[in-house]
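There are 2 protein chains.
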Amino acid sequence: MSFRADSAEVIFVGIELLLGQTLDSNACFMSRQLAELGISTYRHTVVGDNPQRLEKAVRSALAENDLVVMTGGLGPTSDDVTAEVVAALAGLPLIKDKAVSDAIRSRYPDRSRHDFSSYPLVPQGAVVFKNERGTAPGSFVFLLEHGSQKAILMLPGPPDEMEPMFHASVRPFLETFSHHRFIHRYVRLFGIGESKAEERIRDLLENQKEVTIAPYASMKEVVIRVSQRLKEGDGTDLTHALVEELRERFGACVFEIGPRPLELVLLDLLAEKHLTIAFAESCTAGMALSTLADVPGSSASLLGGMVTYNDEMKRRLLGVAPQILSSAGAVSCPAAVAMAEGCLAKTGADLALSFTGIAGPGGGTPKTPVGTVWIACAREGESTVANKYHFPGDRIHVRTRAVYTGFDLLRRLLLGL
Amino acid sequence: MSFRADSAEVIFVGIELLLGQTLDSNACFMSRQLAELGISTYRHTVVGDNPQRLEKAVRSALAENDLVVMTGGLGPTSDDVTAEVVAALAGLPLIKDKAVSDAIRSRYPDRSRHDFSSYPLVPQGAVVFKNERGTAPGSFVFLLEHGSQKAILMLPGPPDEMEPMFHASVRPFLETFSHHRFIHRYVRLFGIGESKAEERIRDLLENQKEVTIAPYASMKEVVIRVSQRLKEGDGTDLTHALVEELRERFGACVFEIGPRPLELVLLDLLAEKHLTIAFAESCTAGMALSTLADVPGSSASLLGGMVTYNDEMKRRLLGVAPQILSSAGAVSCPAAVAMAEGCLAKTGADLALSFTGIAGPGGGTPKTPVGTVWIACAREGESTVANKYHFPGDRIHVRTRAVYTGFDLLRRLLLGL
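These protein sequence lines map, in sequence, to chains H and B.
Take 1 as the starting number for the first sequence in my numbering and just add one per residue.
Take 1 as the starting number for the second sequence in my numbering and just add one per residue.
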């Protein structure tokens, strides 16, 4: 196969994207995937469901790239025009993929909502990717544009359909066309801000050669990406030395060198030590529990816990002494400690983490402003640890920062850092 | 002022967007703002910091639109090239905006990181918008393209700088150029799938005139947008009749006509009826609690609850009888009922909602496959209601669908639907 995908443009199809009704998480996902495949993306385009504009966008993308990736507009409804436009461009007839439509019919036996007699349609000769979560399959076609070979990849719009499809079948398929490959390694930090982290590696940032580094931050971590572009044949991996350098500079802040987010690192650590955990959440109100439960298999270490959103619940569910709440208040060291120890006693877990604070926008006082959060960790047979934090930003920001700060506190305690 | 902004293209500048390191929330924000201003957006483009590609993107955007909105690439570092490219295109010299740089210096007296002697630079004669949160100002320039008047608006990339600037000064400024405005109204549904909903309004979808309608779906709702474009002078709102038609066709599935998501509708309903609520969550593991707690002021109705991730916790925290768990199992009608009633008793809430199911990927059986969820609602002095559901998709999908299905079940019970 002579076709090589060096450059790509991604076209996101959907009027709802132009109207700002949905946040396009596909852009983020697709960009990262293509970067890791060594396919350079120079442009994203978002267009509505208008066939003329869509065709124009595809043509202009084909003129400058080997590969055009399109998401959205593949459904059974009349405003789904992506396949039509692409088939016309490629000069291929649209045919019904029997395997796919049979699969759909078997999955939705009582499905009267759509006439599947002529759905889904894919360009003749296209490589078809199965959709395990929905009805619209993905497909990949080659076409000649001004005498040079190009390709178009069509994927469904819903991230929960597109992402599994991409991981399962599209990515392995695209890898066969990638001209050179990238090594990407990720050093993940918690407990240091993005600008502080940048200061600490300014010299490295300013002297990048074959190996490049790029820090980026979210509420959940600071990640430093270490990348090297390998030409065909040349296989020397130069990233290790730099990763070790970063590990040294950031010490205990490094919670992972690799792909795992903090919650997964924590769960793996708990499983390895055969420890169970429970949570007593006030201001975070179930976010810590829910975040860990997002991870498949978390039930091995995660027992559960209580969400106590007012004083009475802290008394009823966690047995916090009324005088603690009346004297020190619900957002205090004694309250956090009592919550964690009460949770430990009532659940029988090996570890209990408690959160109590002011997420805002209301509820702040001069003594305890919005963003103040106490986090305590109680451990079977050990003394309870409690820390006070102040997180900037809005309600979601304060709660998310609190949850991950609690996870990191626990990680450091378990590792004796 | 003869200039009218009927159509716009938005160009997002930043290599980090192409590498998928940041989710571009600006796209969502800007699209909605322009739509509300009655400025049609036909395309979004994301480009890196490369001057040639950026110039090309701006030229192609100018060729087809009155207005080009650019975000990002305005900082003091060398890879911030937006102002340069635009000034060159407009044939305007870049000059230093003294007012702005003085403001910066007074705000960052000890700022040694950057040399502000020649920063920020803006095209001569540009309308400059103050940045209250950062250093890069926004700016707006007119230019002639093929004899017709066009305009370019440059805004900083960070949302926490751009959005306040837009609300404070950019939007009022743009309103003076907007040719006509839109009315957008939203009919929000739960309890019906997107395709079923489309089937039910196919006739309306196929006969759209001045008032257009567009359905779109997420895990949390199906929303039907009803839009009307008002020409200058003409102020008759034709959307009401259509909204009423939709209300009739979808009946109990309509939970909101307006902007409120289901969780907010539920919380408002609870507050209005002076009812408190608590949750007993197994497979959803705190997601229901956390989702309600995301809403400021939710503590008025939300007391808290328990997350019981295994049988022992269901016994310990909710008092579920061991024989229920051993005979019927944890994912069963009796277990869901016992969890809800146990939660009601232990929290003293007026209402308690319980979730128990198999989120997957593991844990499924032929009798109880992955996606099976029991949801029960216990009410003070009334008999407990329990329903069995089966949700498709992965772990996150199953848990999210379960949470919103529980919210909707409660809404319908409270309204007697």
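Derived from the structure by calculation, the hints contain no laboratory data.
Please note that a few of the clues may not be correct.
In this list, chains with the same sequence are indistinguishable; a pair is considered to hold if it fits within one copy or across any two.
Using 25 Å as the maximum straight-line C-alpha spacing, the simulated SDA-like pairs for lysine to any residue come out as follows [claimed, not checked]: (1) Lys-96 with Glu-84; (2) Lys-346 with Ser-299; (3) Lys-56 with Lys-130; (4) Lys-130 with Ala-252; (5) Lys-196 with Arg-247; (6) Lys-196 with Ile-15; (7) Lys-56 with Ser-7; (8) Lys-130 with Thr-212; (9) Lys-196 with Pro-159; (10) Lys-220 with Glu-244; (11) Lys-388 with Glu-132; (12) Lys-220 with Asp-160; (13) Lys-130 with Arg-401; (14) Lys-388 with Leu-417; (15) Lys-130 with Phe-3; (16) Lys-220 with Pro-159; (17) Lys-367 with Arg-412; (18) Lys-130 with Asp-394; (19) Lys-220 with Glu-36; (20) Lys-388 with Glu-194; (21) Lys-130 with Phe-391; (22) Lys-209 with Arg-53.
Remember, predicted model here, so these are calculated numbers, not experimental data.
Status of the hints after comparison with the structure:
no., hint, verdict
1, Lys-96 with Glu-84, "within (12 Å within a copy, 51 Å between copies)"
2, Lys-346 with Ser-299, "both (18 Å within a copy, 24 Å between copies)"
3, Lys-56 with Lys-130, "neither (28 Å within a copy, 37 Å between copies)"
4, Lys-130 with Ala-252, "neither (44 Å within a copy, 35 Å between copies)"
5, Lys-196 with Arg-247, "within (15 Å within a copy, 54 Å between copies)"
6, Lys-196 with Ile-15, "between (40 Å within a copy, 20 Å between copies)"
7, Lys-56 with Ser-7, "both (19 Å within a copy, 17 Å between copies)"
8, Lys-130 with Thr-212, "neither (36 Å within a copy, 34 Å between copies)"
9, Lys-196 with Pro-159, "between (34 Å within a copy, 21 Å between copies)"
10, Lys-220 with Glu-244, "within (22 Å within a copy, 44 Å between copies)"
11, Lys-388 with Glu-132, "between (46 Å within a copy, 23 Å between copies)"
12, Lys-220 with Asp-160, "both (22 Å within a copy, 13 Å between copies)"
13, Lys-130 with Arg-401, "between (38 Å within a copy, 23 Å between copies)"
14, Lys-388 with Leu-417, "within (18 Å within a copy, 47 Å between copies)"
15, Lys-130 with Phe-3, "within (23 Å within a copy, 50 Å between copies)"
16, Lys-220 with Pro-159, "both (21 Å within a copy, 14 Å between copies)"
17, Lys-367 with Arg-412, "neither (29 Å within a copy, 43 Å between copies)"
18, Lys-130 with Asp-394, "between (41 Å within a copy, 16 Å between copies)"
19, Lys-220 with Glu-36, "within (22 Å within a copy, 32 Å between copies)"
20, Lys-388 with Glu-194, "within (21 Å within a copy, 46 Å between copies)"
21, Lys-130 with Phe-391, "between (44 Å within a copy, 20 Å between copies)"
22, Lys-209 with Arg-53, "between (39 Å within a copy, 21 Å between copies)"
Checked against the numbered hints above, the structure violates hints 3, 4, 8 and 17; every other hint is satisfied.
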